[in-house]
Amino acid sequence: MFRSILGAACVAASLSTAAFAEQWRAPEEVLQELIDSKESAYLTQSEQNIMMMPDNAALFVAEEGKVLFHEPRGPNAVSLETCDLGKGPGVVDGAYVELPRYFEDTGRVMDLESRLVHCMTSIQGFAPDSPEVKTRHGSTSDMMKLQTYIASQSSGYPWNPPLDHPLEKAMRDAGEVLFYRRSGTSDFACSTCHTQTGKRIRASVLPNVKDPQEWTKAISWPAFSVGPQEVRSSNHRIQGCYWQMRQPQSIPGSDAAIALLSFWTDAARGQAAILPDKKR
Amino acid sequence: MTIDRQTAFGAALAAGLLVLTSAASAGPPAPQAAYTAMSPEELADYLIFEAGGFDLNAPTQDGGTARDRMVQDRIQKVCSAIGRSGKALDRATAAKISALAEESMVFPEGGIVLGDWKRGEKIARSGFGYRIGRDTDDHTREPPGGNCYACHQLDPKEIAHGTVGPSLANYGTLRGTNDAMLKHTYQILYNAHLFFPCTTMPRFGEHGTLTAEQIADVMAYLLDPASPVNQAALPTAETAQAARD
Numbered sequence: 001m002f003r004s005i006l007g008a009a010c011v012a013a014s015l016s017t018a019a020f021a022e023q024w025r026a027p028e029e030v031l032q033e034l035i036d037s038k039e040s041a042y043l044t045q046s047e048q049n050i051m052m053m054p055d056n057a058a059l060f061v062a063e064e065g066k067v068l069f070h071e072p073r074g075p076n077a078v079s080l081e082t083c084d085l086g087k088g089p090g091v092v093d094g095a096y097v098e099l100p101r102y103f104e105d106t107g108r109v110m111d112l113e114s115r116l117v118h119c120m121t122s123i124q125g126f127a128p129d130s131p132e133v134k135t136r137h138g139s140t141s142d143m144m145k146l147q148t149y150i151a152s153q154s155s156g157y158p159w160n161p162p163l164d165h166p167l168e169k170a171m172r173d174a175g176e177v178l179f180y181r182r183s184g185t186s187d188f189a190c191s192t193c194h195t196q197t198g199k200r201i202r203a204s205v206l207p208n209v210k211d212p213q214e215w216t217k218a219i220s221w222p223a224f225s226v227g228p229q230e231v232r233s234s235n236h237r238i239q240g241c242y243w244q245m246r247q248p249q250s251i252p253g254s255d256a257a258i259a260l261l262s263f264w265t266d267a268a269r270g271q272a273a274i275l276p277d278k279k280r
Numbered sequence: 281m282t283i284d285r286q287t288a289f290g291a292a293l294a295a296g297l298l299v300l301t302s303a304a305s306a307g308p309p310a311p312q313a314a315y316t317a318m319s320p321e322e323l324a325d326y327l328i329f330e331a332g333g334f335d336l337n338a339p340t341q342d343g344g345t346a347r348d349r350m351v352q353d354r355i356q357k358v359c360s361a362i363g364r365s366g367k368a369l370d371r372a373t374a375a376k377i378s379a380l381a382e383e384s385m386v387f388p389e390g391g392i393v394l395g396d397w398k399r400g401e402k403i404a405r406s407g408f409g410y411r412i413g414r415d416t417d418d419h420t421r422e423p424p425g426g427n428c429y430a431c432h433q434l435d436p437k438e439i440a441h442g443t444v445g446p447s448l449a450n451y452g453t454l455r456g457t458n459d460a461m462l463k464h465t466y467q468i469l470y471n472a473h474l475f476f477p478c479t480t481m482p483r484f485g486e487h488g489t490l491t492a493e494q495i496a497d498v499m500a501y502l503l504d505p506a507s508p509v510n511q512a513a514l515p516t517a518e519t520a521q522a523a524r525d
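One line per chain: the protein sequences are X and F, in this order.
My numbering applies: residue 1 is where the first sequence begins, and numbers increase by one.
My numbering applies: residue 281 is where the second sequence begins, and numbers increase by one.
Treat the hints as calculated values from the structure; they're not laboratory data.
Glycine included, every Cβ here is placed at the ideal spot set by N, Cα and C.
You may find that some hints are simply not true.
[What the hints assert, rightly or not] Quick look at which bits of chain F chain X covers, simulated, 3 or more residues with Cβ under 8 Å:
id, stretch
1, 312 to 322
2, 387 to 401
3, 447 to 458
[Said to hold, decoys possible] Simulated crosslink set (DSS-like; lysine-lysine; CA at most 25 Å straight-line):
id, chain 1, residue 1, chain 2, residue 2
4, F, K437, F, K402
5, X, K210, X, K38
6, F, K402, X, K169
7, X, K66, X, K279
8, X, K169, X, K87
9, X, K169, F, K367
10, F, K367, X, K210
11, X, K199, F, K463
12, F, K398, F, K367
13, F, K437, X, K199
14, X, K199, F, K376
15, F, K357, X, K210
With the hints as extra help, turn the sequences into a complete structure.
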């Protein structure tokens, strides 16, 4: 009798935990919870950044993105409220943590950036080479404002990119190959720096892809980058890594970039996203 | 596309992918449907070389194109697969990697000598060189460095050193400078896979990213008794005890 009551209580408790995990939480709260739950030199390396999280400049960029999202824009003078990011037209809550994913209408696995390009060109009628679509970097670009807004609506949701479609699986697996793929003048791969815990490049502590609690912070882009003083995207991070690896510049929206994003998002599966984040 | 690559893609390409090869960077994105017919390795290579994943036509400092940087040699290919599998390197593969490193080794004609540790220190501290893309390193402006501090502790006074590689503080003090140690150090800088198969240490000699003179200078920084690398107080019984307390 007692055992069954206890059992029922446990089920209820785990159900409520699951329900709790599926809702928005402030990025600073998510980060603090991670720091409290484990010892990680990576998570705690910048005390100043942790303190500044509630005043993250990226929050203002997200606000601007929210306005842009709902504003009628482009040659067709319509908003992005019919843009399907995977959870139905206009649904942004928890959409980002389930990307990249397969989209029936395009027959492709797409990340947030390529899906936004798709919506801006097909719904709003922007030309692919218009500045609104083409400019991908900097806090003042439409693309970064929109990405930061959409991503911020997934803060606290656990990363959960779908892998049901064979293409989602194929892209994730190819991304894993890319992550471990050594080449170039220095034989570097992403894995050179990101498969051990607590290691440093110079003074910077590196996140470990095999530790989801570290990796969720590592992939929580858009984030305000303190050095360049701007909000940066996942694709910008990938480009930075390839530059450091002495390898060719990766192309945002390419299937190689999306494959890499599929793998690295899968590696953080189950851990809550910290969006927008603040990074060194 | 070379004969080699056709062989590599084999059946997957025959399944209808050849039509995609012209659609690399411009125009509408190629359909992804055929991706599931490829192995993860084939798809990764396809995404790099055929599907516009990277700016492959950018020039490099060594007179080639960025594409060359993505073509893997034997050591890169084998060590990537081992890393991804998460398994330990087996003895037979380790021996093969080590043999490849042995084959690559070229020793200086005049014998292995120590250069200038002060020049070596500059090389060890410099992370400049060979980066391409948005901000390409101009080697006519500044010689490429070895970026040793990114991964190793060297001068014990330097706080901002990496830890991906082992500490090399007191490298020379602990090892001395006899001919065997000079050769050993040279081999590690030239191609460390000889002793550490599938190491993450770059092959500065085999890839030619450091010149013979630069390698001699870095060796001096490591081994010269006057180098700051060798000025640390060695731990005594008392300091070791203090560290434990």
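For this session: Compare the distance between the alpha carbons of K367(F) and K210(X) with 25 Å, and conclude whether the hinted pair is satisfied.
Result: The given pair, whose Cα atoms are some 14 Å apart, holds under the 25 Å limit.
Exercise. Is K398(F) close enough to K367(F), meaning Cα to Cα at most 25 Å?
Worked result: 41 Å, violated
Problem set entry | K169(X) paired with K87(X) [C-alpha distance capped at 25 Å] | 19 Å, holds
Exercise. With a cut-off of 8 Å between beta carbons, are at least three residues of the stretch 312 to 322 of chain F near chain X?
Worked result: holds (count 7)
For this session: Quickly compare the C-alpha distance for K199(X) and K463(F) to 25 Å and report which way the hint goes.
Result: 29 Å, violated
For this session: Quickly compare the C-alpha distance for K210(X) and K38(X) to 25 Å and report which way the hint goes.
Result: 15 Å, holds
For this session: Assess, step by step, whether the Cα of K402(F) is no farther than 25 Å from the Cα of K169(X), and give holds or violated.
Result: 46 Å, violated
Exercise. Hey, K437(F) versus K199(X), does the alpha-carbon distance stay inside 25 Å?
Worked result: With a Cα-Cα distance of about 19 Å, the restraint between K437(F) and K199(X) holds, given a limit of 25 Å.
Problem set entry | Hinted pair K437(F) and K402(F), Cα distance within 25 Å | Measuring from Cα to Cα gives roughly 15 Å; hence the hint holds.
Exercise. Are the Cα atoms of K357(F) and K210(X) separated by 25 Å or less?
Worked result: 21 Å, holds
Problem set entry | Outcome, coverage hint (the stretch 387 to 401 of chain F, chain X; C-beta under 8 Å; three residues) | Three-residue rule not met by the stretch 387 to 401 of chain F, so violated; n is 0.
Exercise. Are the Cα atoms of K199(X) and K376(F) separated by 25 Å or less?
Worked result: Roughly 29 Å separates the two Cα atoms, so the pair is violated.
Checked against the numbered hints above, the structure breaks hints 2, 3, 6, 11, 12, 14 and satisfies the rest.
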